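S.K.: The lines below spell out each chain.
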Amino acid sequence: MKNLRSQKDVVYFVLFDRLAVRIGIMLLAFFATLAGLAVPYFQRDFMLQLSTNPLFVCTLLALLSFVLTQMTNFLGQREALITQKALSEKLYHHILRLKPLTTSHKTVGEMVALYTTDIPSCTMWLEQTIPYALTTAFPLMLAPIFLKVVYHIPYSLTLSLIAALVCVNLLLARRQSGFFYYFKILAGQRMGLVNEWIQNIRGLKSLNWIQGFENKIIKKRIEETNNRIAMVTNGQIMNSISSSVTFWLNLAILFYVTYAHNELIGQIDLIAVMWVMGVFLSKPLRQLPWFFTMMFDAWTSVRRTGDFFSLENARYHIDDENTALTADESLVVEDLNLIIENKIVLKNINLKVKKNEVVAIIGPIGCGKSVLFKSLMRETPFKAKRLAQLPHSYLPQEPFILSATLTENIILDYHNEPSEAIHHAVKATQALKHAQFDIEHDRISDGLQTIIGERGLNISGGQKQRLNLARLFYNPLPLFLLDDPFSAVDVGTEKKLIDALFTLKEQGHSFLVITQRYEFLKHCDRIVYLEKGEIKFNGPYTDFISQPKYQKFIAGDIT
Amino acid sequence: MKKAFSKTIFDTLMQAYRPFIVRIITVVILGFAARLLFLSNAQMIARFYDAHKIIQRDDLVSLTSSLLVVLIVSFLLTLIYRTVFSRLSALAVSRIYDETTYRVSRYPLSYFDNTPVGKITTRFSSDYGNIFRLFGGPLAEFLSIIFDLIGITILIMLTHPYFVVNLLLAGLGFYVILKRNQIRLREHRREVSILRGPSVAHFSETVQGSLSIRQNSKVRTFINRFLKLDDLYITSKYHIVKSIMRFSTELNVISTLLFLMNGLLGMYLVHEGKLGAGQVAVILGFTILATNTLQMFFEWYSQFEEALVGVERLDEFIRNPIEEGALLPSYSDFKTHHPKKDKLNKTSEPAAKLASDFKLTVENLSLTYPNQNHPTLLNVSFKLKPSEKLGIIGRTGAGKSTLIAALLRLYPFNQGVILIDNAFKTDIEDHRKQFSLISQDQFFIKGTIKDNLDLFNQFSSDKLNETLKLVGLPLQLHFMLDEKGQNLSQGEKQLLSLARGLLQNAEIFIFDEATANIDPQSEKLIELALKKTLADKTQIRIAHRLQTVLDCDKILWLEHGQVKMLGSTPEVLKAFEASR
Numbered sequence: 000m001k002n003l004r005s006q007k008d009v010v011y012f013v014l015f016d017r018l019a020v021r022i023g024i025m026l027l028a029f030f031a032t033l034a035g036l037a038v039p040y041f042q043r044d045f046m047l048q049l050s051t052n053p054l055f056v057c058t059l060l061a062l063l064s065f066v067l068t069q070m071t072n073f074l075g076q077r078e079a080l081i082t083q084k085a086l087s088e089k090l091y092h093h094i095l096r097l098k099p100l101t102t103s104h105k106t107v108g109e110m111v112a113l114y115t116t117d118i119p120s121c122t123m124w125l126e127q128t129i130p131y132a133l134t135t136a137f138p139l140m141l142a143p144i145f146l147k148v149v150y151h152i153p154y155s156l157t158l159s160l161i162a163a164l165v166c167v168n169l170l171l172a173r174r175q176s177g178f179f180y181y182f183k184i185l186a187g188q189r190m191g192l193v194n195e196w197i198q199n200i201r202g203l204k205s206l207n208w209i210q211g212f213e214n215k216i217i218k219k220r221i222e223e224t225n226n227r228i229a230m231v232t233n234g235q236i237m238n239s240i241s242s243s244v245t246f247w248l249n250l251a252i253l254f255y256v257t258y259a260h261n262e263l264i265g266q267i268d269l270i271a272v273m274w275v276m277g278v279f280l281s282k283p284l285r286q287l288p289w290f291f292t293m294m295f296d297a298w299t300s301v302r303r304t305g306d307f308f309s310l311e312n313a314r315y316h317i318d319d320e321n322t323a324l325t326a327d328e329s330l331v332v333e334d335l336n337l338i339i340e341n342k343i344v345l346k347n348i349n350l351k352v353k354k355n356e357v358v359a360i361i362g363p364i365g366c367g368k369s370v371l372f373k374s375l376m377r378e379t380p381f382k383a384k385r386l387a388q389l390p391h392s393y394l395p396q397e398p399f400i401l402s403a404t405l406t407e408n409i410i411l412d413y414h415n416e417p418s419e420a421i422h423h424a425v426k427a428t429q430a431l432k433h434a435q436f437d438i439e440h441d442r443i444s445d446g447l448q449t450i451i452g453e454r455g456l457n458i459s460g461g462q463k464q465r466l467n468l469a470r471l472f473y474n475p476l477p478l479f480l481l482d483d484p485f486s487a488v489d490v491g492t493e494k495k496l497i498d499a500l501f502t503l504k505e506q507g508h509s510f511l512v513i514t515q516r517y518e519f520l521k522h523c524d525r526i527v528y529l530e531k532g533e534i535k536f537n538g539p540y541t542d543f544i545s546q547p548k549y550q551k552f553i554a555g556d557i558t
Numbered sequence: 000m001k002k003a004f005s006k007t008i009f010d011t012l013m014q015a016y017r018p019f020i021v022r023i024i025t026v027v028i029l030g031f032a033a034r035l036l037f038l039s040n041a042q043m044i045a046r047f048y049d050a051h052k053i054i055q056r057d058d059l060v061s062l063t064s065s066l067l068v069v070l071i072v073s074f075l076l077t078l079i080y081r082t083v084f085s086r087l088s089a090l091a092v093s094r095i096y097d098e099t100t101y102r103v104s105r106y107p108l109s110y111f112d113n114t115p116v117g118k119i120t121t122r123f124s125s126d127y128g129n130i131f132r133l134f135g136g137p138l139a140e141f142l143s144i145i146f147d148l149i150g151i152t153i154l155i156m157l158t159h160p161y162f163v164v165n166l167l168l169a170g171l172g173f174y175v176i177l178k179r180n181q182i183r184l185r186e187h188r189r190e191v192s193i194l195r196g197p198s199v200a201h202f203s204e205t206v207q208g209s210l211s212i213r214q215n216s217k218v219r220t221f222i223n224r225f226l227k228l229d230d231l232y233i234t235s236k237y238h239i240v241k242s243i244m245r246f247s248t249e250l251n252v253i254s255t256l257l258f259l260m261n262g263l264l265g266m267y268l269v270h271e272g273k274l275g276a277g278q279v280a281v282i283l284g285f286t287i288l289a290t291n292t293l294q295m296f297f298e299w300y301s302q303f304e305e306a307l308v309g310v311e312r313l314d315e316f317i318r319n320p321i322e323e324g325a326l327l328p329s330y331s332d333f334k335t336h337h338p339k340k341d342k343l344n345k346t347s348e349p350a351a352k353l354a355s356d357f358k359l360t361v362e363n364l365s366l367t368y369p370n371q372n373h374p375t376l377l378n379v380s381f382k383l384k385p386s387e388k389l390g391i392i393g394r395t396g397a398g399k400s401t402l403i404a405a406l407l408r409l410y411p412f413n414q415g416v417i418l419i420d421n422a423f424k425t426d427i428e429d430h431r432k433q434f435s436l437i438s439q440d441q442f443f444i445k446g447t448i449k450d451n452l453d454l455f456n457q458f459s460s461d462k463l464n465e466t467l468k469l470v471g472l473p474l475q476l477h478f479m480l481d482e483k484g485q486n487l488s489q490g491e492k493q494l495l496s497l498a499r500g501l502l503q504n505a506e507i508f509i510f511d512e513a514t515a516n517i518d519p520q521s522e523k524l525i526e527l528a529l530k531k532t533l534a535d536k537t538q539i540r541i542a543h544r545l546q547t548v549l550d551c552d553k554i555l556w557l558e559h560g561q562v563k564m565l566g567s568t569p570e571v572l573k574a575f576e577a578s579r
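So the protein sequences, as listed, match chains A and B.
Numbering that gives the first Met the number 0 puts the first sequence at residues 0 to 558.
Numbering that gives the first Met the number 0 puts the second sequence at residues 0 to 579.
So here's chain A without its partners, still in its complex pose (with noise of 0.2 Å):
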C-alpha cells in the first residue's frame, strides 16, 4: 500500500486513483446531459404535430436522461465510499506508525475528527462534486450552444448571464463555507465542554458548580447558534436566489426577445426556450451554490488530513546494535541522549539492569522518567552508543483500555466467537487476581465477559491501572517496564502488588519501575535517582537514604 505523504498526495489520491472509472463517470454525466437537451428538441416536434411519436420519443429521451443521471451520482457517490475506506485504512496505518513525540501537539479529538468528518469530507468530492459539477458544467456548456443553433440566440447574453451566475454563487459559497468553517470549530469547542460536563457531572455536583457550568455550555452554544443563524441566512438568500433564478433567466431571455432579437421567434420556439431555461437548466442552477460550498469545505478537509499525513517520526540512532547481552543482563544501556526541541531532555544515560533485579527510578516531577522509558522502548528520537534489552512488556501511566470483554483486554486481540474466550479464561483470570484486579466487584456482573471501555461499563482508574497489570501478567516477559504501578492502590492493594512482583522475580524476571510510593523502595535492589534528565544515584537503597539530600527528598522538606 503507497503511503500518502503531503497535501498533494491527498488531492492526486482523491482525484485521480481508478482513473478509468472517473472517466467513465464523466462520460456518463456527458450523456445524460445530451439526452436531457433532446428532450425540448422532440417536444417541439410534439407541439408542432401533436402526434404520439415524437411524444414517445420524447419520454423514452427524458428516461434515458434520468437514469444516466442517477447512474452518474451512485458511481460518484460509490467511488467516495470506496475512496474513503481506502483513505480511512491508510490513516489507520499512519496512525500507528506515529510515536508519541511527533503526535504531542495533536489532541485525541483532533485525530478522531480526521477519520469521522475530514475523510468523508474529502471525498465530498467524488460522492458530491463531481458527479454534480458534470450535471451541472455539462448542460451551463451545452444549454448556450443549443440556443445558438437552433435559436440563435447569441452567446454574449447566454454567457454572460452564466458568469454572472457563477460569480454571485461563488461570493456566497465562500462565505457560506466560511461560516461553516467557524460552526465546525464552535461545535467542536461546545462538545468539549459538554463532554467535561457529563464526565465531571460528580464533581460539579459537589461543587455546586452544576448552574454555572450549564450557562457557559450555554453560552458557547449562544455563541454556535448565532454563527448558525448567520449561515443559515446566507445558505437562504442563496436557495432564494437558486430557486428563482430559472424565472429570471426566462425573464431575461423574453427582455431579449422583446427589445434586441432581429427576428421574432414562433410561439412554440419561444415555449422551447423557456423549457431549457425553466426546467432542463432547473436542477443545476439549484445544484450550483451548494456545488461551491462542499468543493471548499472539502478543500479544508484536504488541507488537514495533507498536513497530518505530512508527520514524520524523527529517528533513534544507536552506534553499536550488534553487541549481545551476556547471559546475566536483561537491559543495557550507555550514552544515551535525548534531545526535544532544542531542550535536553535525557543527558548521558548509562544503566544497567541484570537478571532478577528490581530497580526503581524516582526523581522530581519533569525529571524525564516516562520519557526515559519511551526511549528504551525506541520511542523517542535518542542517539546511543549502545541500547539493548530482553524481550519486554510495558505499562504505560496512563492505562488503555478497549471497548471489549475483559478477556479482550487482557490478551489485546479480539474474538470472533464469543466461544474462544474459554481458552484463555483460567490464565486470564490468574492474571487478575495477581494484579488484584477485583472481578468479584458488584458491577462486573459477567464475570470475563463483562464489556468495558467507552462502550461498556466505565470502570475506576485504579481498576484500569489493575487491569493494564494484568495484560503483563497474563504472558509475563523477561523485562518489565512499569509506570508509576502503584499510582492509584491503597495501602493494602499496593503490598499485595508488590508480593505479585516479587513471585515473578524469583522466576527469573527482571524490573524497572517508576514510582512515587517510597515504602516499595525499600525492596528494590537498586534505586536510581533521577534530576533534570541525569542519573544522579544509582545503587542500593542504604546508600541512597544515607545521604542527608536524598533524605530531604523522601522527607517532602519543603523549605
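Think of the hints as simulated: they come from the structure by calculation, not from any bench.
Possibly wrong hints are sitting among the right ones.
[What the hints assert, rightly or not] Calculated pairs, DSS-like style, for lysine-lysine (alpha carbon to alpha carbon, straight line, at most 30 Å):
| id | chain 1 | residue 1 | chain 2 | residue 2 |
| --- | --- | --- | --- | --- |
| 1 | A | K218 | B | K217 |
| 2 | B | K432 | A | K215 |
| 3 | B | K573 | A | K215 |
| 4 | A | K521 | B | K536 |
| 5 | A | K105 | B | K573 |
| 6 | A | K354 | B | K217 |
| 7 | A | K105 | B | K445 |
| 8 | B | K432 | A | K183 |
[To be verified] Chain A side only, calculated, beta carbon under 8 Å to chain B, not exhaustive:
| id | residue |
| --- | --- |
| 9 | K84 |
| 10 | I94 |
| 11 | L97 |
| 12 | N226 |
| 13 | R227 |
| 14 | T232 |
Predicted, not measured: the structure shown is a model, and the values here were computed from it.
A virtual CB, placed ideally from N, CA and C, is assigned to each residue, including glycine.
Using the hints, position chain B against chain A.
M.R.: Using the frame of chain A, we list chain B on its own:
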C-alpha cells in the same frame, strides 16, 4: 416496523416554537403567496401565447414588464419568508437544547453511573446537530417544496380538471413507492448509526494506545480489527446509497409515465379544441417540475423523519426525572412537571432554626445503591458541633466514600436524615452549599489554575492569589493544567481543591484522602493547611493513613457500612489497631 412517535415530542416542539409562533405563521403565509406568484408566471406566458396567435413587439413589452413586477415582488417575499423563518426556527430548536441541558445537569448521579458517557453526549452532538441542521434551513425549503406542490396542483387543475386524474394516479404510485422504500431506508439508516459507534471508538482507542499496541506487537491484529469494523460501516453506508438509488429510479419511472400520460391527454384536449398548445406546453413543463419537486420532497421527508427521531431522543431527556430536591433554574421555560426555582431569589431561609448546638446531625442514615440488593450504609448516626473535627476510618469497601456521597446527598438514601443547624434543606443546592469536599479526583479541567479555582470569574486575582498562598500551593494562576489535571501531583490536586473549598467559604469541610499516593512535599503542605487554615471549620476527614486523623476530636470507625465504633480518638484508634 413503523414506530409511532411519542405524543410528547409535538408538545416539546410546540413549547420550543411558542415565543415565535405569530411571526412564523405570518412569514409562512407570505412564503406561500410568493410561490403562487412565481408559478403564475408561466401561466401568464401561456395565456398570453394562446391569446396572441401572432406576436407583436408591443404585446411583448407589456408582458415582460408585468412579469418583471410579479417576479420582483415574489422574490422579495420569498427572501423574507426564507430568512426570517429559518432564523426563528433556529432559535426555537436551540431552546430544546438549553432545556435538555438544565434537566440532564440535575439527573440523579446513579443515572450517570449506569449510562455510558457516549450515550449521553451523542444527544448533544449528533441528535442536536441533526435537529438543528434540518430545522434551521431545510425546513423552510421543505415547506416551500410543499407550497410548490400545492401551487402546481392548483394551477394544473385550473388549466383543465382532467389532469387531476393523472395527478391522482401518479400520487398514488408515489405513495406506494414511498411506503415500500421508507422501511428499507429506515432500517439501513439505523444500521449505519449502530455500526458507526464501534469503528469510531476503536479508532479513538488506537490513537490513545498506539504505543502499547506497537510494544505488544499487535499492529496486525488492530489493523484487521479496524478494517473489519470500518468495512461493516462502509458497507452499511453503501446499502443506503443503493436504496436511495433504487428509490429514485422508481420515482423517475413514475414521473416519466406521468409525463407521457399528460402529453397524451394534452394532445387529446388540443384535438378536441379544449386547450391551447401553449397551455399543454406549460402543463408538460409543470409535470417535470412537479416530479422533480416531488422527488426532493421525498428525499427531505425521510430526513425529517430522522430529525424527529432526534427530537424524540431529546424529548425523552427533557422528561426524565431529576434528582430529589433539585430545582430547575427560574429561566427554564418548558413546562414538564419538574419543580422550578422562584424568580425572586429567596436568599434567606425561613428562620425556623431550632436552637441547636450541632452543626451537622446525621441520623439513622441507610443507603442502598440503585441496582444493588445490600445496603452500603446502614443506620449511620453522628453529630458534630461547630469547629469539631471527625475522623472516619475503615477498610477499603467499608462505605467511607459512600458516606461522603450521602452527606452531599448525591444518592437518595432509603432512610434517615441529615440536618444542618438542626434544619433540613429542601433545596439540594442549599444543602450542598454547606459543604466543601476536598478531593484529588473532584473536578479538574484543561485550563489555567485560575479556571480551575474560579471558573465563573467571581473573585479578584488578589483574592485568588491570597488563597493559593494560604494553602501553600506553589503555582501561578496562569499555570496550565492538562486534561483532568494530569500534570499535577495528587497532592497538588488536593491543595487546589482545598483552595477552591476555601473560596466557596462553606461551613463544613470534608477531606477525602482517597489514596495514600501523595508525594512527600505536598503531604507536608496539606498537614499545615489542615491545621492552620481550617481551624475554625467543622471538619470530616476520611483517612487512609491514621496519622491524618490523629488530631481529630473524635473518630468514627466504619465496617460493612455500619458504625463499628464512635468515640474519642485514642480510644477508637487503639481498638482499630488491635483488630488488625
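S.K.: Evaluate each hint against the coordinates.
M.R.: Taking the hints in turn, this is what the structure says about them:
no. : hint              : verdict
1   : K218/A <-> K217/B : violated (44 Å)
2   : K432/B <-> K215/A : holds (20 Å)
3   : K573/B <-> K215/A : violated (50 Å)
4   : K521/A <-> K536/B : violated (39 Å)
5   : K105/A <-> K573/B : violated (54 Å)
6   : K354/A <-> K217/B : holds (26 Å)
7   : K105/A <-> K445/B : holds (14 Å)
8   : K432/B <-> K183/A : violated (37 Å)
9   : K84               : holds (5 Å)
10  : I94               : holds (6 Å)
11  : L97               : holds (7 Å)
12  : N226              : violated (11 Å)
13  : R227              : holds (6 Å)
14  : T232              : holds (5 Å)
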